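Number of protein chains: 2
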Amino acid sequence: MICCLTAVFHAKPAFARQRVDLIVAHGTVVTMDGTRRILDDGAIAVQGDAIAAVDSNANIDARYASDKVIDARGGLVLPGLINAHTHMSMSLFRGLADDLSLDDWLNKYIFPAEHRYVTRDFVTWSTRLSMLEMLRGGTTTVADMYYFEEDVAAAMKAAGMRGVLGETLIGFPSPDSATPAAALTYTESFVKHWKGDPLITPAVAPHSIYTCPETLLKDAAALAQRDQAPLLIHVAEAPFELEKSRHDHGLTPVQYLSRIGVLAPNVLGAHCIWLDQADVRTLAHFDVGCSYNPSSNMKTAAGLMPAVELLAAGVAVGIGTDGAASNNNQDMFEEMDLAAKEQKFSRMDPKALSAAQVVEMATITGARALHLERQVGSLEVGKKADLIVVDTGAAHATPMYDVYSAIVYALKSSDVRTTVVGGKVLMEDRRMLTLDEPAILEKAAEYAKQIHASFGTRKSPAGR
Amino acid sequence: MICCLTAVFHAKPAFARQRVDLIVAHGTVVTMDGTRRILDDGAIAVQGDAIAAVDSNANIDARYASDKVIDARGGLVLPGLINAHTHMSMSLFRGLADDLSLDDWLNKYIFPAEHRYVTRDFVTWSTRLSMLEMLRGGTTTVADMYYFEEDVAAAMKAAGMRGVLGETLIGFPSPDSATPAAALTYTESFVKHWKGDPLITPAVAPHSIYTCPETLLKDAAALAQRDQAPLLIHVAEAPFELEKSRHDHGLTPVQYLSRIGVLAPNVLGAHCIWLDQADVRTLAHFDVGCSYNPSSNMKTAAGLMPAVELLAAGVAVGIGTDGAASNNNQDMFEEMDLAAKEQKFSRMDPKALSAAQVVEMATITGARALHLERQVGSLEVGKKADLIVVDTGAAHATPMYDVYSAIVYALKSSDVRTTVVGGKVLMEDRRMLTLDEPAILEKAAEYAKQIHASFGTRKSPAGR
Numbered sequence: 002m003i004c005c006l007t008a009v010f011h012a013k014p015a016f017a018r019q020r021v022d023l024i025v026a027h028g029t030v031v032t033m034d035g036t037r038r039i040l041d042d043g044a045i046a047v048q049g050d051a052i053a054a055v056d057s058n059a060n061i062d063a064r065y066a067s068d069k070v071i072d073a074r075g076g077l078v079l080p081g082l083i084n085a086h087t088h089m090s091m092s093l094f095r096g097l098a099d100d101l102s103l104d105d106w107l108n109k110y111i112f113p114a115e116h117r118y119v120t121r122d123f124v125t126w127s128t129r130l131s132m133l134e135m136l137r138g139g140t141t142t143v144a145d146m147y148y149f150e151e152d153v154a155a156a157m158k159a160a161g162m163r164g165v166l167g168e169t170l171i172g173f174p175s176p177d178s179a180t181p182a183a184a185l186t187y188t189e190s191f192v193k194h195w196k197g198d199p200l201i202t203p204a205v206a207p208h209s210i211y212t213c214p215e216t217l218l219k220d221a222a223a224l225a226q227r228d229q230a231p232l233l234i235h236v237a238e239a240p241f242e243l244e245k246s247r248h249d250h251g252l253t254p255v256q257y258l259s260r261i262g263v264l265a266p267n268v269l270g271a272h273c274i275w276l277d278q279a280d281v282r283t284l285a286h287f288d289v290g291c292s293y294n295p296s297s298n299m300k301t302a303a304g305l306m307p308a309v310e311l312l313a314a315g316v317a318v319g320i321g322t323d324g325a326a327s328n329n330n331q332d333m334f335e336e337m338d339l340a341a342k343e344q345k346f347s348r349m350d351p352k353a354l355s356a357a358q359v360v361e362m363a364t365i366t367g368a369r370a371l372h373l374e375r376q377v378g379s380l381e382v383g384k385k386a387d388l389i390v391v392d393t394g395a396a397h398a399t400p401m402y403d404v405y406s407a408i409v410y411a412l413k414s415s416d417v418r419t420t421v422v423g424g425k426v427l428m429e430d431r432r433m434l435t436l437d438e439p440a441i442l443e444k445a446a447e448y449a450k451q452i453h454a455s456f457g458t459r460k461s462p463a464g465r
Numbered sequence: 002m003i004c005c006l007t008a009v010f011h012a013k014p015a016f017a018r019q020r021v022d023l024i025v026a027h028g029t030v031v032t033m034d035g036t037r038r039i040l041d042d043g044a045i046a047v048q049g050d051a052i053a054a055v056d057s058n059a060n061i062d063a064r065y066a067s068d069k070v071i072d073a074r075g076g077l078v079l080p081g082l083i084n085a086h087t088h089m090s091m092s093l094f095r096g097l098a099d100d101l102s103l104d105d106w107l108n109k110y111i112f113p114a115e116h117r118y119v120t121r122d123f124v125t126w127s128t129r130l131s132m133l134e135m136l137r138g139g140t141t142t143v144a145d146m147y148y149f150e151e152d153v154a155a156a157m158k159a160a161g162m163r164g165v166l167g168e169t170l171i172g173f174p175s176p177d178s179a180t181p182a183a184a185l186t187y188t189e190s191f192v193k194h195w196k197g198d199p200l201i202t203p204a205v206a207p208h209s210i211y212t213c214p215e216t217l218l219k220d221a222a223a224l225a226q227r228d229q230a231p232l233l234i235h236v237a238e239a240p241f242e243l244e245k246s247r248h249d250h251g252l253t254p255v256q257y258l259s260r261i262g263v264l265a266p267n268v269l270g271a272h273c274i275w276l277d278q279a280d281v282r283t284l285a286h287f288d289v290g291c292s293y294n295p296s297s298n299m300k301t302a303a304g305l306m307p308a309v310e311l312l313a314a315g316v317a318v319g320i321g322t323d324g325a326a327s328n329n330n331q332d333m334f335e336e337m338d339l340a341a342k343e344q345k346f347s348r349m350d351p352k353a354l355s356a357a358q359v360v361e362m363a364t365i366t367g368a369r370a371l372h373l374e375r376q377v378g379s380l381e382v383g384k385k386a387d388l389i390v391v392d393t394g395a396a397h398a399t400p401m402y403d404v405y406s407a408i409v410y411a412l413k414s415s416d417v418r419t420t421v422v423g424g425k426v427l428m429e430d431r432r433m434l435t436l437d438e439p440a441i442l443e444k445a446a447e448y449a450k451q452i453h454a455s456f457g458t459r460k461s462p463a464g465r
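Residue numbers (my numbering), protein chains in the order written: chain A, 2 to 465; chain B, 2 to 465.
Don't take every hint at face value.
Stated by the list, open to error - Derived coverage of chain A by chain B (criterion: at least 3 residues anywhere in the stretch with Cβ under 8 angstroms from a Cβ of chain B; other residues may be distant):
hint : stretch
1    : 132-143
2    : 361-371
Stated by the list, open to error - So the derived list for chain A, only partly shown, Cβ under 10 angstroms to chain B, looks like this:
hint : residue
3    : Leu103
4    : Arg260
5    : Lys342
6    : Tyr402
Since the hints were made in silico from the structure, they are not lab data.
Keep in mind it's a predicted model, so treat the numbers as computed, not measured.
Where a beta carbon is used, it is the ideal one built from N, C-alpha and C, also for glycine.
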């Protein structure tokens with residue numbers, strides 16, 4: 002009898018609790034909300050694809066019940082990381098051509114490889130390979146620019162990952178379009194097809210000012226503005242781009258883009274390295290988002306993005322990996338680490354760009370850069386349930402005195418245990434639930450064998 | 002009868018094969034020997050603590066047999082990585098104080114924390130935590146400088162890891178010695194105790210020219226030269242060190258060390274950032290080894306090591322992580338990646354410091370920097386059997402066109418599957434065999450709780 006009374010006394014009033022689709026329980030919840038609230042023993046209730054509640058575990062437990070509970074004990078619960086710039090379809094070229102001049106890299110390897118191999122099938126499998134790497138490393142949203150974005154979108158939708166996908170427009174024949182006009186037609190149809198999709202935001206992506214004629218840039222901007230689509234573009238990445246822009250237009254790349262009417266609050270500029278103070282003010286004025294890609298910028302020796310000045314001016318600067326042909330990983334933990342280190346080093350100031358700022362850039366500020374801040378970037382009621390659980394128990398992250406420092410300087414992509422996008426669990430305890438990992442790796446090996454045979458390499462053992 | 006005949010026909014002549022203690026079979030063996038031989042389906046036979054043979058798997062299989070065979074299929078077999086500079090005992094301070102000026106970092110956090118917490122017990126557990134991180138990440142040899150190196154040595158010997166361990170001499174009271182004279186006595190006894198040990202090379206470690214009076218530097222050099230011990234010292238790490246040296250001695254740090262007779266072929270200099278061309282020539286002349294520590298140098302904004310010039314001058318430049326209080330990992334895969342990227346970026350030259358050069362720095366050139374090249378750094382007959390097996394099947398490393406590129410830019414410490422030091426398997430399929438991982442993490446949590454309580458932190462959730 003005592004036993005029964007105890008049971009009744011302790012039983013939770015399940016009938017009163019709201020049923021939800023998913024509860025993430027007992028984690029250290031790093032919300033990245035307006036007050037940067039951190040909940041020590043926190044929990045999140047998810048209904049459909051959105052966050053229904055973020056609270057102490059005790060409060061969530063009292064108010065919600067679910068058949069699906071993810072125990073985040075010993076882990077951090079973070080907003081899913083946002084990769085602000087990559088080319089997923091290039092991951093099958095990972096490591097094909099390193100330590101080369103830009104000219105050799107492009108003309109001897111990348112352009113011929115793209116010409117020869119990039120098909121709908123290639124793009125589909127390369128995107129899957131990239132998603133496999135990124136979901137394993139805690140990235141839930143990605144801004145992508147490449148060709149055949151219809152197939153990229155289909156692969157992402159099937160895997161359940163979130164993307165802002167820009168179909169590339171370029172001033173010469175591309176793998177999916179014989180002419181820029183055909184590419185514009187493809188883009189128009191692509192935007193129409195995916196507009197309003199809960200996971201896929203279709204975008205327009207003129208490659209850069211040095212590869213697109215002015216008419217194409219203007220047509221792209223008009224299309225993006227008419228259809229309220231984001232516009233993705235490489236901006237001021239290399240010294241030659243700045244020189245060419247000054248020579249051709251008498252203006253910096255940013256001032257040129259401003260003059261021809263491309264800059265607007267729907268723009269996401271990748272790299273944004275060769276800027277002067279007026280350019281920084283212009284980007285802030287137009288509410289342009291920027292992607293800082295430290296690994297790629299260092300490896301290709303492109304230069305230093307003035308990320309500190311851009312942030313100080315109020316520009317939303319996210320962090321991107323760039324494609325695996327120039328990084329060679331798509332790992333946001335590495336990029337966060339490098340972002341802080343490159344800024345400190347380049348300014349000879351160990352206080353430049355703190356760990357807390359860098360975590361913002363990879364989450365809520367990255368969401369602003371992608372113009373998706375109403376949907377993702379923080380763990381708040383009503384936002385999409387994009388979240389990751391990160392183990393903190395490894396030797397390399399022990400001890401943990403400061404949560405932001407741990408995320409940026411100590412934790413690694415391999416510590417990500419579970420990845421959820423739009424309320425759907427895509428990786429649980431490191432098992433992939435929507436991607437067929439063995440099939441992807443096998444297909445990658447097949448493509449690699451062909452590519453290896455046609456390009457040869459310098460020191461590869463087995464060409465896998 | 003046919004069955005029996007077949008069996009006889011196919012049976013290997015086991016009676017003719019030499020018994021060895023360990024065979025690592027079916028890996029892509031990256032030897033880093035004089036010809037940089039890579040064996041596609043290679044194997045290694047180990048007898049005692051040394052390599053008995055490196056050959057094709059077929060040849061090893063024909064000539065050797067062992068009760069212990071590690072199947073390295075799908076993996077690279079590399080020489081164990083050499084961490085050319087760290088302070089293992091500081092890993093319990095990981096992340097305690099980031100994004101601060103050098104002054105605040107040292108005076109508000111590190112010096113008080115060392116004064117309060119660094120004991121023999123602290124050093125023992127912190128060293129274990131560091132070894133856990135490093136062995137998991139493929140590091141088999143480490144050059145360490147700190148206090149209580151007797152206890153560091155004992156912990157390493159028990160775990161089976163290789164080290165060049167320098168007892169720190171400094172011009173003020175330290176955690177283990179009330180006076181520099183006491184530290185010299187400790188060092189003398191430490192060197193005597195460990196001299197000739199197969200795993201532990203005892204060393205003398207005057208901290209730097211700005212913390213040691215000249216007499217102490219000279220006494221340290223005399224002791225090291227008399228006992229034929231390595232001498233480890235921080236050299237030209239920060240601008241203030243260069244300024245102070247010029248002010249006090251009218252010389253750069255390197256020229257000052259040369260003038261007072263410290264430089265010799267037993268010296269390993271950490272950092273070596275603020276060098277002029279004469280300094281580079283001087284370091285080459287004395288056959289001084291150097292440690293390049295890119296993460297630490299970037300995070301603390303110390304400056305750029307002229308690694309390319311040093312290598313061109315023939316100086317052995319290894320790669321080090323520095324301590325976890327300033328990195329915050331001890332991860333040689335991250336350091337390799339950063340070494341290449343920092344040099345390319347700083348010189349605006351994507352061809353500066355190739356992946357192949359970086360792998361050399363982390364293996365055979367690192368061994369030269371530690372003056373251990375006769376023992377370790379490559380997979381060659383007669384050398385110590387220090388090797389690692391690295392999985393290549395993860396999405397983030399797929400495809401692999403070039404083995405050195407994959408090691409530096411794509412593979413991660415989490416890909417290390419098995420770690421062998423001196424023929425002894427210390428980690429197999431990621432299980433630690435000589436370190437009690439749960440006990441180490443628990444003890445780290447205990448220390449962290451105390452340290453957290455006394456220092457507080459800024460944004461930590463639970464203080465673990």
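The hints, checked one at a time:
Closer than 8 angstroms: that is the beta-carbon criterion, and the stretch 132-143 of chain A has 4 residues meeting it against chain B, so the requirement of 3 holds. Counting residues of the stretch 361-371 of chain A whose CB lies closer than 8 angstroms to any CB of chain B gives 0, which falls below the minimum of 3, so the coverage claim is violated. Given the 10 angstroms rule on beta carbons, the hint for Leu103 of chain A holds: about 7 angstroms separates it from the nearest Cβ of chain B. The beta carbon of Arg260 of chain A is not positioned within 10 angstroms of any beta carbon in chain B (closest approach about 28 angstroms), and the interface hint is therefore violated.
For Lys342 of chain A, the suggested interface contact is upheld, since its CB lies about 4 angstroms from the closest CB of chain B, less than 10 angstroms. Given the 10 angstroms rule on beta carbons, the hint for Tyr402 of chain A holds: about 5 angstroms separates it from the nearest Cβ of chain B.
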